[in-house]
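Spelled out, the chains give:
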Amino acid sequence: MKLKKNIALSDTGFVFDPSTGNSFTVNPIGLEIIGYLKEGRNAEEIKREITARYETDGPGFEKDLADFVNMLQKLKLTDGNGKATD
Amino acid sequence: MGMAKRRINIAVTGLNAIDSPGPGIPVIRALRESSLFDVRIIGLSYEALEPGIYMHHLVDKTYQIPLPAAGVEQLLNRLRYIHEAEQLELIIPNFDAELFNFIRLADVLLKEMGIRTFLPGMEQFEARHKVNLEAYGKEHGLKIPKSKSLTRHAEIASLSHDFSYPLMVKGKFYDALIAHTPEQVKACFNTLGSKWGLPVIVQEFIQGQEVNVTALGDGKGQMIGAVAMRKQYVTDKGKAWSGISIDDEKLLDMARRLFETSLWRGGLELEVIRTEEEEYYLIEINPRFPAWIYLAAGCGQNHPEALVRLALGEDVKPFEGYDVGKLFIRYSYDMIVELDEFMKISTQGEL
Chain A
1 MKLKKNIALS
11 DTGFVFDPST
21 GNSFTVNPIG
31 LEIIGYLKEG
41 RNAEEIKREI
51 TARYETDGPG
61 FEKDLADFVN
71 MLQKLKLTDG
81 NGKATD
Chain B
87 MGMAKRRINI
97 AVTGLNAIDS
107 PGPGIPVIRA
117 LRESSLFDVR
127 IIGLSYEALE
137 PGIYMHHLVD
147 KTYQIPLPAA
157 GVEQLLNRLR
167 YIHEAEQLEL
177 IIPNFDAELF
187 NFIRLADVLL
197 KEMGIRTFLP
207 GMEQFEARHK
217 VNLEAYGKEH
227 GLKIPKSKSL
237 TRHAEIASLS
247 HDFSYPLMVK
257 GKFYDALIAH
267 TPEQVKACFN
277 TLGSKWGLPV
287 IVQEFIQGQE
297 VNVTALGDGK
307 GQMIGAVAMR
317 KQYVTDKGKA
327 WSGISIDDEK
337 LLDMARRLFE
347 TSLWRGGLEL
357 EVIRTEEEEY
367 YLIEINPRFP
377 AWIYLAAGCG
387 QNHPEALVRL
397 ALGEDVKPFE
407 GYDVGKLFIR
417 YSYDMIVELD
427 EFMKISTQGE
437 L
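So the protein lines, in turn, are chains A and B.
According to my numbering, the first sequence is numbered sequentially starting from 1.
According to my numbering, the second sequence is numbered sequentially starting from 87.
Just chain B, with the same shape it has in the complex (with noise of 0.2 Å):
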């Protein structure tokens, strides 16, 4: 006889399955593929047409956020009218841009409403992000291109000083140009800095094949699984549409380091470029699972489900291996969508 499933309110966060995807639908399929939980599943979202509302085989019901913007005592009201209705038992957020505002509600959250998260700590949330990357690199013993951050436009015809095109250059939270040029430079910065703000950051440019990591963390050094994957096929917007995973021992070594040491709690994904001298750059920490995540539990580890155990405070063995040599394709697909349902969430901010 069968282990009863424990039944659980997550609420997730990234539902925009679109062309440069959030990593909340594929954290959803993971979830719904677990053999110890029966999930009930919440949907935060930003905008109305974020796909995962309307996807109701996924997803049971969603309410609009705040966009991060607001702050946290307006996500925090919000969190509570949900919570009051929901019951919530876990928080996954999925995004960068909103990670600051649940790290910082995070006490609030279990305390005040019993709801718990599975988060890095605010330290090493910061250290770790772009504008400090070069800094965490050598703290932890890892290879890092030469970064640095721009403010100005003043600061870009004096780079050739420190850096040879071509370079590049990175918004605070997405996307990456690559630049040949100072005047190249300066149309970037323009860009990513009115999308993301400032600084944007510009790093040596690696040589290589890129390769990624999506991992997690216990919060006490040990990393719980980690699975290694390389694009192979990309869109124009520098979006995996298609991976495959590796079989990778340096890799995964460089992240079990960096688990040990920089005590990360819970998902995250390492990009790294391999050069063809075998030498590994870490060119960023996503603090959190990526898109691709779903792949992991294709793969024999279900990290979304073990994120969930560890947050439950449960003890969690590391996971031992994956498959190698699966793939990953994504596709379009279009939903047929009642006015109702848009009208709905776009007007009472619920579905």
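If we strip away everything but chain A, and leave its shape as in the complex, we get (with noise of 0.2 Å):
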């Protein structure tokens, strides 16, 4: 699963997606998730990053990890087809 390549980020967490106009806002650790996802991790990395440094187990966080990607694929801020979590 990759972000599509012109998404814009700042730092804020505010999302622009240039070729709909549409935009999202996001909280910080979503800002990360999407940060970590621009960067191309796969979602075991991702949930390695976070487990580490914050209070949440591994199976809870796949689960809201999966759901976060699916809402980006559904916003169409994804790259191709890939799976949720791949």
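Derived from the structure by calculation, the hints contain no laboratory data.
Watch out, some of these pointers could steer you wrong.
Label-pair restraints from in silico Cβ distances [what the hints assert, rightly or not]:
id : chain 1 : residue 1 : chain 2 : residue 2 : range
1  : A       : 4         : B       : 212       : 38 to 48 Å
2  : A       : 35        : B       : 212       : 51 to 61 Å
3  : B       : 264       : A       : 23        : 25 to 35 Å
4  : B       : 417       : A       : 64        : 35 to 45 Å
5  : A       : 76        : B       : 243       : 34 to 44 Å
Pairs of lysine to any residue residues, derived as SDA-like cross-links and limited to a Cα-Cα distance of at most 25 Å, are as follows [unchecked claim]:
id : chain 1 : residue 1 : chain 2 : residue 2
6  : A       : 4         : B       : 294
7  : A       : 2         : B       : 319
8  : A       : 5         : B       : 333
9  : A       : 4         : B       : 395
10 : B       : 224       : B       : 347
11 : B       : 412       : A       : 18
12 : A       : 76        : B       : 224
13 : B       : 317       : A       : 62
14 : B       : 325       : A       : 18
15 : B       : 224       : B       : 304
16 : A       : 74        : B       : 367
17 : B       : 412       : A       : 41
18 : B       : 412       : A       : 75
19 : B       : 412       : A       : 65
20 : A       : 2         : B       : 276
21 : A       : 5         : B       : 336
22 : B       : 336       : A       : 77
23 : A       : 76        : A       : 14
24 : A       : 5         : B       : 224
25 : A       : 74        : B       : 333
26 : A       : 76        : B       : 316
27 : A       : 4         : B       : 416
28 : A       : 5         : B       : 291
29 : A       : 76        : B       : 409
30 : B       : 412       : A       : 16
31 : A       : 5         : B       : 413
32 : A       : 74        : B       : 336
33 : A       : 74        : B       : 366
34 : A       : 74        : B       : 224
35 : B       : 325       : B       : 416
36 : A       : 74        : B       : 296
37 : A       : 38        : B       : 409
38 : A       : 74        : B       : 361
39 : A       : 38        : B       : 306
40 : B       : 336       : A       : 79
Cβ atoms here follow ideal geometry from the backbone N, Cα and C, with glycine treated the same way.
Using the hints, build the complex out of the two chains.
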């Protein structure tokens, strides 16, 4: 799963899709995750990063991440048809 | 040392900066920002309450002109009078309904008075009309929703053979309504038919996101500029009250192809539906700049200025790129106008 290349991210959590003109705001965790996705990191790597630094359990986070990625796909912020947690 | 700007007298219509805004004021604002031209703007108005008439910082002088229905002779006579006072060098008409007359007069204006225009030819103008859009799309390889012209109520019942509801019902020049039943089509037919005349056009309803392009062609197949926009806030009349410039190569390619094959001269706006499957359906071609044309200038492509240069016969290179993610946000604003001014335009037809 990759974020579309042209998606613009601000460090205040503003996400802008220049091809549709859609914009969104995300909270700091959301922003961090989108940042990882933009770097091309996979679900396992993201889970490692987040669970190492925040108080959350692995399985719970996996589900939340899958939901989040699912939402990004629905909003057409991702490239191609990659599965939610590829 | 900077070059002196060339002085030029330009007449502009569409001063109705109202809830269904004409493009005149945005066109004028773009011209006023030109680095090449020092413009004197002559407003041409139809009604005494068009706000642009009273915007003296934008419009130097305004003259009423006869409504399009009065015909070309009356318009020509009025323009002769205005030209004598103002030495017009260029006219930029901005209403669909008046373009027919201006296109017909283009040659006379140039030969008799030396007034330039930069308009599509009559054939181009008619071919892209809603009534002919489907055939136009086929000719230029564009996807167009299925459509049909209606001139009588009797034609409505059989629509269900070729169309599924809901469908769009459109006025000859302006306005589009959605209808879910034959009864609603009938009501729309009455409303739009009495306002804009016949035919009324029905069009297949395409589900998706509306996106728009404003573009300028040199009349030789070259697209001089194009800016894509998505409406962000739409009034209950369906007019964009805010919008954002977007980056959509497919959409710009569509516009480019259209100019290449149609040799369109002048400004135009494409209204397009982008479906979930990323298919692009052209739903309308407006044969002039849209009311949001000032956004193009704000994004680095001053199309009205480029149009002036083209009209003067200059060699204009196409714009390359524009700022993506810039918004326009309209607002309403009350001017206080002395009765004297309203009286002058109402009784003497000039201000």
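Hint check results:
1. 4(A) x 212(B): 38 to 48 Å: 41 Å, holds
2. 35(A) x 212(B): 51 to 61 Å: Holds, at about 54 Å.
3. 264(B) x 23(A): 25 to 35 Å: Cβ of residue 264(B) to Cβ of residue 23(A): about 27 Å, so the range 25 to 35 Å holds.
4. 417(B) x 64(A): 35 to 45 Å: Roughly 41 Å apart at Cβ, these two residues keep to the hinted range, so it holds.
5. 76(A) x 243(B): 34 to 44 Å: With a Cβ separation near 40 Å, residue 76(A) and residue 243(B) satisfy 34 to 44 Å, so the hint holds.
6. 4(A) x 294(B): 20 Å, holds
7. 2(A) x 319(B): This hinted pair is violated, its Cα atoms lying about 30 Å apart.
8. 5(A) x 333(B): Since the Cα atoms of residue 5(A) and residue 333(B) sit roughly 13 Å apart, the hinted pair holds (cutoff 25 Å).
9. 4(A) x 395(B): Since the Cα atoms of residue 4(A) and residue 395(B) sit roughly 39 Å apart, the hinted pair is violated (cutoff 25 Å).
10. 224(B) x 347(B): 12 Å, holds
11. 412(B) x 18(A): Answer holds: residue 412(B) to residue 18(A) is near 10 Å, not above 25 Å.
12. 76(A) x 224(B): Distance of about 30 Å is beyond 25 Å: violated.
13. 317(B) x 62(A): Distance of about 37 Å is beyond 25 Å: violated.
14. 325(B) x 18(A): Satisfied, since the Cα-Cα distance of roughly 22 Å is no more than 25 Å.
15. 224(B) x 304(B): Distance ~23 Å between residue 224(B) and residue 304(B) Cα, so the pair holds.
16. 74(A) x 367(B): Given that 25 Å is the threshold and the Cα spacing comes to 22 Å, the pair holds.
17. 412(B) x 41(A): Violated, at about 31 Å.
18. 412(B) x 75(A): 21 Å, holds
19. 412(B) x 65(A): Distance of about 32 Å is beyond 25 Å: violated.
20. 2(A) x 276(B): 51 Å, violated
21. 5(A) x 336(B): 17 Å, holds
22. 336(B) x 77(A): 18 Å, holds
23. 76(A) x 14(A): 16 Å, holds
24. 5(A) x 224(B): With a Cα-Cα distance of about 34 Å, the restraint between residue 5(A) and residue 224(B) is violated, given a limit of 25 Å.
25. 74(A) x 333(B): 20 Å, holds
26. 76(A) x 316(B): With Cα atoms ~16 Å apart, residue 76(A) and residue 316(B) stay inside 25 Å; holds.
27. 4(A) x 416(B): Violated - the C-alpha atoms of residue 416(B) and residue 4(A) are around 31 Å apart, more than 25 Å.
28. 5(A) x 291(B): Violated: residue 5(A) and residue 291(B) sit about 32 Å apart, past 25 Å.
29. 76(A) x 409(B): The hint holds at about 22 Å.
30. 412(B) x 16(A): 11 Å, holds
31. 5(A) x 413(B): Within the cut-off at roughly 22 Å; holds.
32. 74(A) x 336(B): Cα-Cα ~21 Å, so holds.
33. 74(A) x 366(B): This hinted pair holds, its Cα atoms lying about 19 Å apart.
34. 74(A) x 224(B): 33 Å, violated
35. 325(B) x 416(B): 11 Å, holds
36. 74(A) x 296(B): With Cα atoms ~18 Å apart, residue 74(A) and residue 296(B) stay inside 25 Å; holds.
37. 38(A) x 409(B): 23 Å, holds
38. 74(A) x 361(B): 14 Å, holds
39. 38(A) x 306(B): Given pair residue 38(A), residue 306(B) is violated - Cα atoms ~43 Å apart, limit 25 Å.
40. 336(B) x 79(A): Holds, at about 16 Å.
Violation of the numbered hints given earlier is confined to hints 7, 9, 12, 13, 17, 19, 20, 24, 27, 28, 34, 39; the remaining hints are satisfied by the structure.
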